[in-house]
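Here the protein sequences come in this chain order: A and B. Per our numbering, the first sequence runs over residues 1 to 304. Per our numbering, the second sequence runs over residues 305 to 608.
Calculated from the structure, these hints are not laboratory results. Treat the hints loosely; a few may be bogus.
Under 8 Å between C-beta atoms, here's a sample of chain A residues computed to sit facing chain B [as the list claims (entries may be wrong)]:
no. : residue
1   : A89
2   : P179
3   : V183
4   : L201
5   : A205
6   : E214
7   : H223
8   : G250
9   : R290
Stretch by stretch, here's where chain B covers chain A in the computed footprint (C-beta under 8 Å, at least three residues) [to be verified]:
no. : stretch
10  : 61 to 70
11  : 160 to 174
12  : 215 to 222
For glycine and all other residues, C-beta sits at the position ideal for the given N, C-alpha and C.
2 protein chains.
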Amino acid sequence: MNHLPSWNDGPSKDAILDFVARVSHGDSPDFVPVSERIACFDNDGTLWCEFPMQTQVFFAFAQLANIVEKSPDLKEKQPYKAFLEHDTATIHALGKKAVFEFAFATHAGMTVDEFADIARSWFETARNPKLDRLFVKCVYQPQVELLALLRENGFKTFIVSGGGIDLIRAFAELAYGIPPEQVVGSSVKTAFEAAGKLVSLRKLAELRSFDDREEKVVNIGLHIGRRPIFVFGNSDGDLAMMRYALAGQGPRLAMLVHHDDAEREFAYDRDFKLSPLTEALDNAAAYGIRVVSMARDRKEVFVA
Amino acid sequence: MNHLPSWNDGPSKDAILDFVARVSHGDSPDFVPVSERIACFDNDGTLWCEFPMQTQVFFAFAQLANIVEKSPDLKEKQPYKAFLEHDTATIHALGKKAVFEFAFATHAGMTVDEFADIARSWFETARNPKLDRLFVKCVYQPQVELLALLRENGFKTFIVSGGGIDLIRAFAELAYGIPPEQVVGSSVKTAFEAAGKLVSLRKLAELRSFDDREEKVVNIGLHIGRRPIFVFGNSDGDLAMMRYALAGQGPRLAMLVHHDDAEREFAYDRDFKLSPLTEALDNAAAYGIRVVSMARDRKEVFVA
Ligand SMILES: [Ca+2]
Ligand SMILES: [Ca+2]
């Protein structure tokens with residue numbers, strides 16, 4: 001059986017197949033019980049495309065159009081203006097946390113059920129403008145195969161993302177086979193609300209957790225409660241959780257995808273303000289992190 | 305096949321078997337897809353005994369002995385003194401949140417891995433003094449059977465408890481078959497810590513979430529991201545999540561265990577300061593909550 005058909009043969013594919021075999025074969029000295037086979041994946045740039053901006057930002061554009069319709073005076077205020085004009089340079093300059101926090105605040109006042117409906121119908125038609133593909137088709141085929149391979153071998157697969165937990169939950173089960181309860185992400189505070197038979201959670205404007213860097217590990221502790229043995233990321237935001245995984249006892253694998261394929265996708269790393277890759281790339285070898293090349297290691301890029 | 309052998313025949317058992325059949329048979333008009341079969345169980349008093357105090361409090365007694373050995377001047381201070389003397393009346397008077405917050409703070413400074421080791425070895429010998437049973441044997445046999453029945457029928461079973469998430473995770477997989485990532489509970493903040501090859505999460509003294517009442521629903525939203533269709537609790541602390549479940553579309557079941565069996569276990573409700581049952585009991589019928597009687601509905605009480 002040809003595992004990982006969309007991966008080119010080479011050391012990255014070998015490392016994955018070797019790791020999976022070592023931890024899952026009962027007679028292997030590196031055998032890991034099924035319950036400990038926890039795999040954590042970053043989402044933006046690791047499982048799907050994040051260029052020129054994360055999908056969360058495009059989703060905020062759509063939400064803002066509704067907001068300024070009700071409050072037109074916001075149109076000239078920043079960062080509303082930059083978001084409304086899709087002004088990439090200004091948005092990039094704000095940095096990841098400020099951009100995401102602003103994006104999350106555009107959903108304040110909705111119940112989580114209302115949000116899920118809005119997100120699901122947005123995903124039906126919303127497209128990445130650079131790739132001219134539906135966002136849900138900007139998912140990487142090699143990673144979908146990897147997630148399936150891990151699950152076939154007893155792994156439980158989680159997303160641990162800086163993106164908003166509710167937006168990811170709106171598509172992750174269909175796109176990746178990852179159910180809502182295995183999605184860890186940034187989140188805003190919510191309020192319980194009960195009025196007769198209507199009982200719901202309402203999203204507030206206040207950030208609860210920005211799930212990036214060290215906070216990814218904090219949230220793995222909160223949501224998963226076990227140290228992952230496999231981690232896949234693509235930026236400095238994933239370095240802490242890679243180190244956390246690698247520091248555990250027994251076999252471990254941490255992989256870092258490097259976007260170096262300007263022809264089939266995009267080539268970027270240090271200068272991508274919305275999620276730079278610098279420290280993790282420079283110190284990958286020292287930390288024991290394997291770098292995966294988009295150009296070299298992948299036969300296919302996107303899902304069909 | 306005899307499902308739920310430790311449940312007496314009667315309306316409670318019938319309601320469970322009927323609900324499970326309705327949601328899981330493909331040709332039933334009430335069929336629910338497997339992915340939506342989310343069941344949430346309170347822990348203390350619902351899955352295991354919480355009398356005369358929750359296990360979390362007894363665990364804090366053991367931790368405090370270590371703390372006052374290092375800082376003897378704490379011995380005469382409250383609430384240290386009450387905890388050290390197992391002074392039930394004073395502890396009850398503090399109320400659930402204050403007691404738990406104090407208990408959680410006794411673990412500050414440990415890594416989550418150290419905590420897990422300490423908790424696991426404590427559980428090997430620690431006993432409920434009133435029942436003279438190991439705490440891990442104060443688990444209710446009828447509920448273990450119910451959890452298994454639900455899982456056999458495609459449900460994913462979660463704990464949603466006011467108890468500390470890390471203490472529950474130290475025994476829940478063995479006792480209930482519920483893995484750490486399906487445990488939702490109260491928690492303290494943690495800090496990421498990296499020193500060379502040692503990378504860990506350290507528990508802080510500050511509360512992150514006290515998972516009781518409305519906060520249970522907030523944390524279901526955070527950890528699970530779906531509205532449960534089945535909820536089982538035993539106190540007013542579970543009323544919000546019962547109402548949340550019942551307010552969803554389609555078939556729902558919310559059950560409330562009433563501790564009315566002074567002979568085989570304990571009889572308590574309104575006056576149990578550490579987790580009173582008043583509002584949920586008085587309004588069960590109005591909310592559509594089914595009351596389960598320990599005395600009437602259970603053939604067996606504890607696991608063997
Ligand atoms: Ca990323
Ligand atoms: Ca309880």
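Consistency of the hints with the structure:
no. : hint       : result
1   : A89        : violated, 32 Å
2   : P179       : holds, 6 Å
3   : V183       : holds, 7 Å
4   : L201       : holds, 5 Å
5   : A205       : violated, 16 Å
6   : E214       : holds, 4 Å
7   : H223       : holds, 6 Å
8   : G250       : violated, 13 Å
9   : R290       : violated, 18 Å
10  : 61 to 70   : violated (count 0)
11  : 160 to 174 : holds (count 4)
12  : 215 to 222 : holds (count 5)
The structure shown violates the earlier hints numbered 1, 5, 8, 9 and 10.
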